[in-house]
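J.: Residues per chain, in single letters:
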Amino acid sequence: EAQVTQNPRYLITVTGKKLTVTCSQNMNHEYMSWYRQDPGLGLRQIYYSMNVEVTDKGDVPEGYKVSRKEKRNFPLILESPSPNQTSLYFCASRKQGGGELFFGEGSRLTVL
Amino acid sequence: GESVGLHLPTLSVQEGDNSIINCAYSNSASDYFIWYKQESGKGPQFIIDIRSNMDKRQGQRVTVLLNKTVKHLSLQIAATQPGDSAVYFCAEILPGSGNTGKLIFGQGTTLQVKP
Numbered sequence: 065e066a067q068v069t070q071n072p073r074y075l076i077t078v079t080g081k082k083l084t085v086t087c088s089q090n091m092n093h094e095y096m097s098w099y100r101q102d103p104g105l106g107l108r109q110i111y112y113s114m115n116v117e118v119t120d121k122g123d124v125p126e127g128y129k130v131s132r133k134e135k136r137n138f139p140l141i142l143e144s145p146s147p148n149q150t151s152l153y154f155c156a157s158r159k160q161g162g163g164e165l166f167f168g169e170g171s172r173l174t175v176l
Numbered sequence: 005g006e007s008v009g010l011h012l013p014t015l016s017v018q019e020g021d022n023s024i025i026n027c028a029y030s031n032s033a034s035d036y037f038i039w040y041k042q043e044s045g046k047g048p049q050f051i052i053d054i055r056s057n058m059d060k061r062q063g064q065r066v067t068v069l070l071n072k073t074v075k076h077l078s079l080q081i082a083a084t085q086p087g088d089s090a091v092y093f094c095a096e097i098l099p100g101s102g103n104t105g106k107l108i109f110g111q112g113t114t115l116q117v118k119p
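As given, the protein sequences belong to chains U and D, one line each in that order.
Position 43 (the first sequence) corresponds to 107 in my numbering; numbering is contiguous.
Position 33 (the second sequence) corresponds to 37 in my numbering; numbering is contiguous.
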C-alpha cells in the first residue's frame with residue numbers, strides 16, 4: 065500500500081529536549097515536504113526536499129532542521145523545542161514533476 | 005502576500021443534499037488548484053484538481069468549478085453523506101514555482117452532515 069508514515073504520532077516533551085519526527089514514503093517520490101497545521105493559520109510549509117541531499121526552507125523554517133540522506137526518508141529535527149512549536153505536523157511526498165501530494169497521518173507534538 | 009481563502013469556516017448540510025464549498029484565491033496567474041479533504045485525526049487527502057485552462061472538472065460525486073474572472077473556486081459534493089463530514093481545503097500552486105510546486109493552502113471549511 066502506497067503511504068507516507070510518520071512517527072511518533074503523538075509526543076509530549078519539554079522545552080529544550082531535542083527530538084526527531086521521522087517520515088518515510090514507499091512510493092519512490094523525489095519530492096518531500098514538512099508542514100505544520102495550527103488553528104486559524106492552516107497548513108504552512110516548514111522545509112521541503114526536491115531529492116536526496118537537496119533541501120530548502122519553506123515559509124516557517126525557524127527552529128527546525130531536516131535531512132535527506134535517502135530518498136524514502138525525510139526526518140524533521142527540533143534541536144531545542146519551544147512551546148511555540150506545539151503543533152500538528154504533516155509530512156508529504158509526491159513525484160518530482162508534480163501531481164498529487166500524499167500526506168502522512170500527522171504527528172501531534174506538545175512542548176511544555 | 006499570496007493567500008487562498010475559503011468563504012465560510014463551517015457548513016452544515018442535511019444528508020442527501022448537495023454541498024457547495026467556496027474558495028477565493030488572490031493570484032490571477034495561478035494555474036493549478038487542488039481540493040483536499042481532511043478527516044478528524046488524519047492527514048489531508050486529495051479529492052480533485054483543476055488547471056486554469058478548464059472551467060469545470062467532475063469526479064465521483066464531486067465537481068470543481070473555476071471562475072478565473074472573479075478568482076473563485078468551488079467544490080460541489082452531490083448527495084452528501086455522513087462520510088463526507090470533514091475539513092475541506094483548497095490549495096493553489098503559485099505561478100513561477102516551477103518544479104517546486106509550492107502549494108498555498110486555505111484555512112479550511114468544516115463540513116458537517118446532519119442525518
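Calculated directly from the structure, the hints in this document are not laboratory data.
If you're wondering where the values come from, they're calculated on a predicted model, not measured in any experiment.
Please note that the accuracy of each hint is not assured.
Claimed, not checked - Label-pair ranges, simulated between beta-carbon atoms:
#, chain 1, residue 1, chain 2, residue 2, range
1, U, MET91, D, SER30, 27 to 33 Å
2, D, GLN49, U, ASP120, 21 to 27 Å
3, D, GLN64, U, MET91, 18 to 24 Å
4, U, LYS129, D, PRO99, 28 to 34 Å
5, U, LYS135, D, ARG55, 27 to 33 Å
6, D, ARG65, U, ASP102, 37 to 43 Å
Stated by the list, open to error - In silico lysine-lysine, DSS-like type, Cα no more than 30 Å apart, as pairs:
#, chain 1, residue 1, chain 2, residue 2
7, U, LYS81, U, LYS159
8, U, LYS133, D, LYS60
9, U, LYS82, D, LYS72
10, U, LYS121, U, LYS82
11, U, LYS82, D, LYS60
12, U, LYS133, U, LYS121
13, U, LYS135, U, LYS159
14, U, LYS159, D, LYS106
15, U, LYS82, U, LYS135
16, U, LYS82, D, LYS75
17, D, LYS106, D, LYS60
18, D, LYS118, U, LYS121
19, U, LYS135, D, LYS106
20, U, LYS133, D, LYS106
21, D, LYS118, U, LYS159
22, U, LYS135, D, LYS46
23, D, LYS75, D, LYS106
24, D, LYS72, D, LYS106
25, D, LYS46, U, LYS81
26, U, LYS129, D, LYS60
27, D, LYS106, D, LYS118
28, U, LYS121, U, LYS159
29, D, LYS60, D, LYS75
30, U, LYS121, D, LYS60
31, U, LYS133, U, LYS159
32, D, LYS75, U, LYS133
33, U, LYS159, D, LYS60
34, U, LYS121, U, LYS135
35, U, LYS121, D, LYS75
36, U, LYS129, D, LYS106
37, D, LYS118, D, LYS46
Backbone N, C-alpha and C fix where the C-beta goes; we use that ideal spot for every residue, glycine too.
J.: Each hint should be assessed against the structure and marked as holding or not.
T.: Hint check results:
Remark: the range hint 27 to 33 Å for MET91/U to SER30/D is upheld by a beta-carbon distance near 32 Å. In this structure the supplied range 21 to 27 Å holds for GLN49/D paired with ASP120/U, their Cβ-Cβ distance being about 25 Å. Between GLN64/D and MET91/U the beta carbons are some 23 Å apart, a value that agrees with the proposed interval 18 to 24 Å. For the pair LYS129/U and PRO99/D, the beta carbons lie near 30 Å from each other, so the given range of 28 to 34 Å is met.
Our hint of 27 to 33 Å for LYS135/U and ARG55/D holds, since their Cβ atoms are close to 28 Å apart. For ARG65/D and ASP102/U, the Cβ-Cβ distance of about 31 Å falls outside the hinted range of 37 to 43 Å, so the restraint is violated. Simply put, LYS81/U and LYS159/U have alpha-carbon atoms about 34 Å apart, too far for the 30 Å limit, and the pair is violated. Between LYS133/U and LYS60/D, the direct Cα distance comes to roughly 41 Å. Violation of the 30 Å bound is thereby established for this hinted pair.
Taking the CA atoms of LYS82/U and LYS72/D, the gap is near 46 Å; set against the 30 Å cutoff, the hint is violated. Under the criterion of a C-alpha separation no larger than 30 Å, the hint pairing LYS121/U with LYS82/U is consistent with the structure, at around 20 Å. Between LYS82/U and LYS60/D the alpha-carbon distance is near 48 Å, which puts this suggested pair outside the 30 Å criterion. About 17 Å separates the Cα atoms of LYS133/U and LYS121/U, which keeps this hinted pair within 30 Å; it holds.
Distance hint between LYS135/U and LYS159/U is fulfilled; the C-alpha atoms sit about 11 Å from each other, no more than 30 Å. Pair hint LYS159/U plus LYS106/D holds up; C-alpha atoms about 13 Å apart against a cutoff of 30 Å. At roughly 24 Å between alpha-carbon atoms, LYS82/U and LYS135/U fall within 30 Å of each other, so this suggested pair holds. Restraint check: the Cα-Cα separation between LYS82/U and LYS75/D comes to about 44 Å, which exceeds 30 Å; the hinted pair is violated.
Restraint check for LYS106/D and LYS60/D: satisfied, since their Cα atoms lie roughly 23 Å apart, inside the 30 Å limit. The straight-line distance between the Cα atoms of LYS118/D and LYS121/U is roughly 42 Å, outside the 30 Å bound, and the hint therefore fails. A threshold of 30 Å between alpha carbons decides the hint, and for LYS135/U with LYS106/D the separation of about 19 Å falls inside it, so the pair holds. Taking the CA atoms of LYS133/U and LYS106/D, the gap is near 22 Å; set against the 30 Å cutoff, the hint holds.
A distance of roughly 38 Å separates the Cα atoms of LYS118/D and LYS159/U; the hinted pair therefore is violated under the 30 Å criterion. At roughly 24 Å between alpha-carbon atoms, LYS135/U and LYS46/D fall within 30 Å of each other, so this suggested pair holds. Distance restraint check for LYS75/D and LYS106/D: the Cα-Cα separation of roughly 19 Å lies within the 30 Å cut-off, and the hinted pair is therefore satisfied. Of the pairs offered as hints, the one joining LYS72/D and LYS106/D holds, with about 20 Å between alpha carbons and a cut-off of 30 Å not exceeded.
Simply put, LYS46/D and LYS81/U have alpha-carbon atoms about 27 Å apart, close enough for the 30 Å limit, and the pair holds. Between LYS129/U and LYS60/D the CA atoms are separated by roughly 40 Å; this puts the pair beyond 30 Å, and the hint is violated. Proposed proximity of LYS106/D and LYS118/D is contradicted: the alpha carbons are some 35 Å apart, above 30 Å. At roughly 19 Å between alpha-carbon atoms, LYS121/U and LYS159/U fall within 30 Å of each other, so this suggested pair holds.
Under the criterion of a C-alpha separation no larger than 30 Å, the hint pairing LYS60/D with LYS75/D is consistent with the structure, at around 14 Å. Distance check on the hinted pair: LYS121/U and LYS60/D sit about 34 Å apart at the alpha-carbon level, beyond 30 Å; violated. At roughly 17 Å between alpha-carbon atoms, LYS133/U and LYS159/U fall within 30 Å of each other, so this suggested pair holds. Between LYS75/D and LYS133/U the CA atoms are separated by roughly 40 Å; this puts the pair beyond 30 Å, and the hint is violated.
Pair hint LYS159/U plus LYS60/D holds up; C-alpha atoms about 25 Å apart against a cutoff of 30 Å. As the CA atoms of LYS121/U and LYS135/U are separated by approximately 18 Å, the hinted pair is consistent with the 30 Å bound. In summary, the hint linking LYS121/U to LYS75/D is supported, as the alpha carbons are separated by about 28 Å, within the 30 Å threshold. At most 30 Å may separate the alpha-carbon atoms for a hinted pair to count; LYS129/U and LYS106/D meet this at roughly 19 Å.
For a cut-off of 30 Å, the pair hint linking LYS118/D to LYS46/D stands: about 21 Å separates their Cα positions.
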